[in-house]
Amino acid sequence: MIKLASFEFKKIIKTKFFIYMVVALSLFVIGFYAFNYVQAEKRLDSVVQGNEYWLLEYQKNIDENLDRIEAEELDNDTIAGIHGENRFYKDMIKRNTIIQAAHEKQEWTELLNMEIKDEEIWVSQMLGALPMEEGERGTYTKKVNAARNQLILEREVEPIFPIDYSITFYNFEKTDSPETRKSIASTAKKYSASGLYNSYSIFNLFYSVIGVVFFLFLFGSILSKEGLGTDGPIHLLFTQPIKRYKVLVSKFLTVIITTVVLLLVFCGISLLAGTIFDRFGDGNYPILVYGDEYTFSFMNLSTYLIKASLLFFMVLLFSYSLLFLFSILMKRTLTVIGSTLIVIIVGTMLSSDALLQSVAKFNPFTYFSVEQIMNQELAATLADFTISYSSGMVILALSTVLVVVVSYGSSLALYRFK
Amino acid sequence: MKLLFFEFKKMVFTKKFAIIMVLIIAAVGFSLFRNQTLAPNSAQEKHAKQEGWMLFAYSNHESHSSALRGDSNNEEEKLLRDLNREIINALQEIRNFQVEKDWRDHLVEEITLMESVDDYMSAGGHFSLTERQISHTIAINQKLLEVDIPPQDERYSLAFPNFMKQVVTFYINLGAIILVILLIGEILTVEFENHSLNLLYTQPIKRQRVMTSKVLTSLILYILTTAVLLGSIVGVGKIFGEEGTFNYPVLIEKNNVIEFIVISDYLKQAFIVLSVSIIMIILLYLLYSLLFKQILSAMFALAGTLLGGYALTRFVSWDTYSWINPFQYLLPEEAILYQNSSTWYAGIPVLLILSAVLYIVLVQKIKSARID
Chain A
1 MIKLASFEFK KIIKTKFFIY MVVALSLFVI GFYAFNYVQA EKRLDSVVQG NEYWLLEYQK
61 NIDENLDRIE AEELDNDTIA GIHGENRFYK DMIKRNTIIQ AAHEKQEWTE LLNMEIKDEE
121 IWVSQMLGAL PMEEGERGTY TKKVNAARNQ LILEREVEPI FPIDYSITFY NFEKTDSPET
181 RKSIASTAKK YSASGLYNSY SIFNLFYSVI GVVFFLFLFG SILSKEGLGT DGPIHLLFTQ
241 PIKRYKVLVS KFLTVIITTV VLLLVFCGIS LLAGTIFDRF GDGNYPILVY GDEYTFSFMN
301 LSTYLIKASL LFFMVLLFSY SLLFLFSILM KRTLTVIGST LIVIIVGTML SSDALLQSVA
361 KFNPFTYFSV EQIMNQELAA TLADFTISYS SGMVILALST VLVVVVSYGS SLALYRFK
Chain B
1 MKLLFFEFKK MVFTKKFAII MVLIIAAVGF SLFRNQTLAP NSAQEKHAKQ EGWMLFAYSN
61 HESHSSALRG DSNNEEEKLL RDLNREIINA LQEIRNFQVE KDWRDHLVEE ITLMESVDDY
121 MSAGGHFSLT ERQISHTIAI NQKLLEVDIP PQDERYSLAF PNFMKQVVTF YINLGAIILV
181 ILLIGEILTV EFENHSLNLL YTQPIKRQRV MTSKVLTSLI LYILTTAVLL GSIVGVGKIF
241 GEEGTFNYPV LIEKNNVIEF IVISDYLKQA FIVLSVSIIM IILLYLLYSL LFKQILSAMF
301 ALAGTLLGGY ALTRFVSWDT YSWINPFQYL LPEEAILYQN SSTWYAGIPV LLILSAVLYI
361 VLVQKIKSAR ID
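Listed in order, the protein sequences are those of chains A and B.
According to my numbering, the first sequence is numbered sequentially starting from 1.
According to my numbering, the second sequence is numbered sequentially starting from 1.
In isolation and in its complexed conformation, chain A is listed as follows (with noise of 0.2 Å):
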């Protein structure tokens, strides 16, 4: 078997095809790389480029103000008013002094400690205000934002920026215009150059039904190709002293097994490329868990990575049980993926069909969507919680064993009666 597989491995591997595509990922990856490292960028320079200006902007309002109390006679009211304003812009003023010393001297417990008290006056005043749901749902990016700068205090962690700004998906259950969508996704994005955090990133865009089909074109012809059912190559391994068996799992294997390499390299460039121009990342970066009721936690960055690299790869399993199956049952390579394609958008619609949302969970497709899966976004859409990593896995794993089972009898039923 074991020999069988490296037999295998060097057939994909010494294809130019194979080549061109792990070229285009790297080239992917590198360019994704550099795209972030420009956005953060963009937006250190933004914030502290932006807190300048209103720094002169306060001081110079003070001033007017403080000018026209002098020059004009006004009533007692409007030079209480007048004071009263001087009063806010001061306290601005305090505030945009902190923003430029922490962004100077790179140190930012100050920032984070005035960040955290704003946000807790915040909360408490509009729980105050609104109605016991209403509030709850109201408060909870900023309870979140208040609760991840807190950790990033504790654990002394580097800020990733912007930090008084930050969305959930509480935020877009109220706002369903694309537009304005698109406008606050934009304003509250992250952007970290550090090789974890770019990883993260990369891993959120790759891990879904894009990486699948990247994997599906890689592997796409593995069966078809060697015209299993017509007169093809795979014939003449079946000649020889070899169970048939055999050689679909070393076939099987080899996916298996290129695919982590890949994974690992893909990976590895991404934590390479941060690391080189920027910092390795803190493995300890706080990343948020939607939980039910309005609760939430947060998850390390680093195990938030392994787990969805983990999930993703069940994801590539159930996909290429998929793929091989409709390999035994069809013989062109176009009809096998396009149907494997089909299948796979398909069960995607269905797991977000509104009136299946009570059979999401044992919907394997609906595990596509990782990024979703792992913060628990998905499960708080579908207001269950049952569906999450760990069922995923479940799942996924049970399916691909029964694909692989019918897979196996398709092709024990195919060849007895040819």
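Possibly wrong hints are sitting among the right ones.
[Unchecked claim] Each computed SDA-like pair below joins lysine to any residue, with the alpha-carbon atoms no more than 25 Å apart:
#: 1; chain 1: B; residue 1: Lys49; chain 2: B; residue 2: Ala39
#: 2; chain 1: B; residue 1: Lys293; chain 2: A; residue 2: Lys143
#: 3; chain 1: B; residue 1: Lys46; chain 2: A; residue 2: Val359
#: 4; chain 1: A; residue 1: Lys16; chain 2: B; residue 2: Asn198
#: 5; chain 1: A; residue 1: Lys331; chain 2: B; residue 2: Thr130
#: 6; chain 1: B; residue 1: Lys49; chain 2: A; residue 2: Ser124
#: 7; chain 1: A; residue 1: Lys182; chain 2: B; residue 2: Gln364
#: 8; chain 1: B; residue 1: Lys78; chain 2: A; residue 2: Ser124
#: 9; chain 1: B; residue 1: Lys49; chain 2: A; residue 2: Glu8
#: 10; chain 1: A; residue 1: Lys182; chain 2: B; residue 2: Met121
#: 11; chain 1: A; residue 1: Lys331; chain 2: B; residue 2: Phe17
#: 12; chain 1: A; residue 1: Lys225; chain 2: B; residue 2: Leu199
#: 13; chain 1: A; residue 1: Lys42; chain 2: B; residue 2: Tyr321
#: 14; chain 1: A; residue 1: Lys142; chain 2: B; residue 2: Ser122
#: 15; chain 1: A; residue 1: Lys225; chain 2: B; residue 2: Leu302
#: 16; chain 1: A; residue 1: Lys331; chain 2: B; residue 2: Leu302
#: 17; chain 1: A; residue 1: Lys189; chain 2: B; residue 2: Val316
#: 18; chain 1: B; residue 1: Lys46; chain 2: A; residue 2: Met349
#: 19; chain 1: B; residue 1: Lys49; chain 2: A; residue 2: Leu350
#: 20; chain 1: A; residue 1: Lys117; chain 2: A; residue 2: Gln150
#: 21; chain 1: A; residue 1: Lys142; chain 2: B; residue 2: Thr130
#: 22; chain 1: A; residue 1: Lys331; chain 2: B; residue 2: Leu182
#: 23; chain 1: A; residue 1: Lys225; chain 2: B; residue 2: Lys15
#: 24; chain 1: A; residue 1: Lys182; chain 2: B; residue 2: Phe17
#: 25; chain 1: A; residue 1: Lys143; chain 2: B; residue 2: Leu129
#: 26; chain 1: A; residue 1: Lys225; chain 2: B; residue 2: Lys49
#: 27; chain 1: A; residue 1: Lys331; chain 2: B; residue 2: Phe13
#: 28; chain 1: B; residue 1: Lys10; chain 2: B; residue 2: Glu191
#: 29; chain 1: A; residue 1: Lys182; chain 2: B; residue 2: Leu199
#: 30; chain 1: A; residue 1: Lys189; chain 2: B; residue 2: Thr130
FYI, nobody ran anything at the bench for these hints, they're computed from the structure.
Since the structure of chain A is provided, determine the placement of chain B on it from the hints.
Just chain B now, with coordinates in the frame of chain A:
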């Protein structure tokens, strides 16, 4: 002509084509069956939502009453309490099943509810509806009353024109692209893999004609697929569906103002933008097939190009970009329903120009191709 007929027979008289057409018909039948099965659940879901609003309104009532107990002269809270009471009254009216009502009464009740919620939110109250949901519901209900057409379920409609719109929407949003690529995926690459293209090159046939016949065959396949889809919708919809009207209003946003088009116009626009997009995609795929000579590479290059084009469409927000973006119709439903930054036909000229350029490049490439 002979070459075109030859190519056509190669693609159409195959098991694959027959199976795909049968699957399309089965999928249409399954869609109607799904709608018939799930339509009652949809009504239950609507009632559950209204119950949720009622609970929210009662919770608001408690909150305002509690505030007024602390400060009975608070005019703002009094106003909010009174406006909230209007919402509760409107919801109770909707839930009143003892009075006989027809669909017009239901629409009027819904408008009253939405207007009450809008007044309440404008006065500073909070409710579990967005402004967009409110304005859209009021607008569509008023329009339905104006044209005197009963409302249909957006997702599980049984009325034939609405069912057609639902299936066509699925077809135009990637369905057509996937089906066409499935049908024509091997039209050129299999010729390279089997080296049969070399045989064609040795014939007294202009190479340009070989490529043109493949392009035309692909287009005919797209037209046939669309015809089978529409035919099965008509067949299944007319026999098993309910009566409806193609003048059913479809809500669109144009320059951030709500307007309406009818289903027939929606279908016309959908097929126009889809067809122009498909021409470009077919030509692009044939070019990649000619360049890479291998099916997986060509398909991956096409998928990558379309994905990159779609990403650019989402990220770039210049006003004039829609006039030069050939990838804006990958999900044409959005382009038709949301015409806030461009009109639905803005991308058609650039698509036609790009298609012409791709065709010229294809022809030149095949003319200069060497025999392997």
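Against the structure, the hints:
For the hint pairing Lys49(B) with Ala39(B), the CA-to-CA distance comes to about 15 Å; that is within 25 Å, so the pair holds. Restraint check for Lys293(B) and Lys143(A): the C-alpha separation of about 56 Å exceeds 25 Å, so the hint is violated. Of the supplied pair hints, the one linking Lys46(B) and Val359(A) holds, its CA atoms being roughly 20 Å apart against a limit of 25 Å. Restraint check for Lys16(A) and Asn198(B): satisfied, since their Cα atoms lie roughly 22 Å apart, inside the 25 Å limit.
Taking the CA atoms of Lys331(A) and Thr130(B), the gap is about 51 Å. The hint is violated against a cut of 25 Å. In summary, the hint linking Lys49(B) to Ser124(A) is not supported, as the alpha carbons are separated by about 30 Å, beyond the 25 Å threshold. Taking the CA atoms of Lys182(A) and Gln364(B), the gap is near 42 Å; set against the 25 Å cutoff, the hint is violated. A distance of roughly 24 Å separates the Cα atoms of Lys78(B) and Ser124(A); the hinted pair therefore holds under the 25 Å criterion.
For the hint linking Lys49(B) to Glu8(A), the alpha-carbon distance of about 56 Å lies beyond 25 Å, and the restraint is violated. Of the pairs offered as hints, the one joining Lys182(A) and Met121(B) holds, with about 23 Å between alpha carbons and a cut-off of 25 Å not exceeded. Only pairs whose Cα atoms come within 25 Å are accepted, and Lys331(A) paired with Phe17(B) is accepted, the gap being roughly 15 Å. Between Lys225(A) and Leu199(B), the direct Cα distance comes to roughly 23 Å. Compliance with the 25 Å bound is thereby established for this hinted pair.
Restraint check: the Cα-Cα separation between Lys42(A) and Tyr321(B) comes to about 24 Å, which is no more than 25 Å; the hinted pair holds. In summary, the hint linking Lys142(A) to Ser122(B) is supported, as the alpha carbons are separated by about 24 Å, within the 25 Å threshold. In summary, the hint linking Lys225(A) to Leu302(B) is supported, as the alpha carbons are separated by about 21 Å, within the 25 Å threshold. Restraint check for Lys331(A) and Leu302(B): the C-alpha separation of about 22 Å stays at or below 25 Å, so the hint holds.
For the suggested pair Lys189(A) and Val316(B), the alpha carbons sit about 17 Å apart, so the restraint of at most 25 Å is met. Among the hinted pairs, Lys46(B) with Met349(A) is consistent with the structure: their alpha-carbon atoms are about 21 Å apart, no more than 25 Å. The suggested pairing of Lys49(B) with Leu350(A) holds, with an alpha-carbon distance near 21 Å, which does not exceed 25 Å. In summary, the hint linking Lys117(A) to Gln150(A) is supported, as the alpha carbons are separated by about 10 Å, within the 25 Å threshold.
Proposed proximity of Lys142(A) and Thr130(B) is supported: the alpha carbons are some 20 Å apart, at most 25 Å. Taking the CA atoms of Lys331(A) and Leu182(B), the gap is near 14 Å; set against the 25 Å cutoff, the hint holds. Distance restraint check for Lys225(A) and Lys15(B): the Cα-Cα separation of roughly 19 Å lies within the 25 Å cut-off, and the hinted pair is therefore satisfied. With a C-alpha separation of about 41 Å, the suggested pairing of Lys182(A) with Phe17(B) is violated against the 25 Å cut-off.
Pair hint Lys143(A) plus Leu129(B) holds up; C-alpha atoms about 23 Å apart against a cutoff of 25 Å. Between Lys225(A) and Lys49(B) the CA atoms are separated by roughly 52 Å; this puts the pair beyond 25 Å, and the hint is violated. Of the supplied pair hints, the one linking Lys331(A) and Phe13(B) holds, its CA atoms being roughly 17 Å apart against a limit of 25 Å. The hinted pair formed by Lys10(B) and Glu191(B) meets the criterion: a straight-line CA distance of about 12 Å does not exceed 25 Å.
Restraint check: the Cα-Cα separation between Lys182(A) and Leu199(B) comes to about 54 Å, which exceeds 25 Å; the hinted pair is violated. For the suggested pair Lys189(A) and Thr130(B), the alpha carbons sit about 23 Å apart, so the restraint of at most 25 Å is met.
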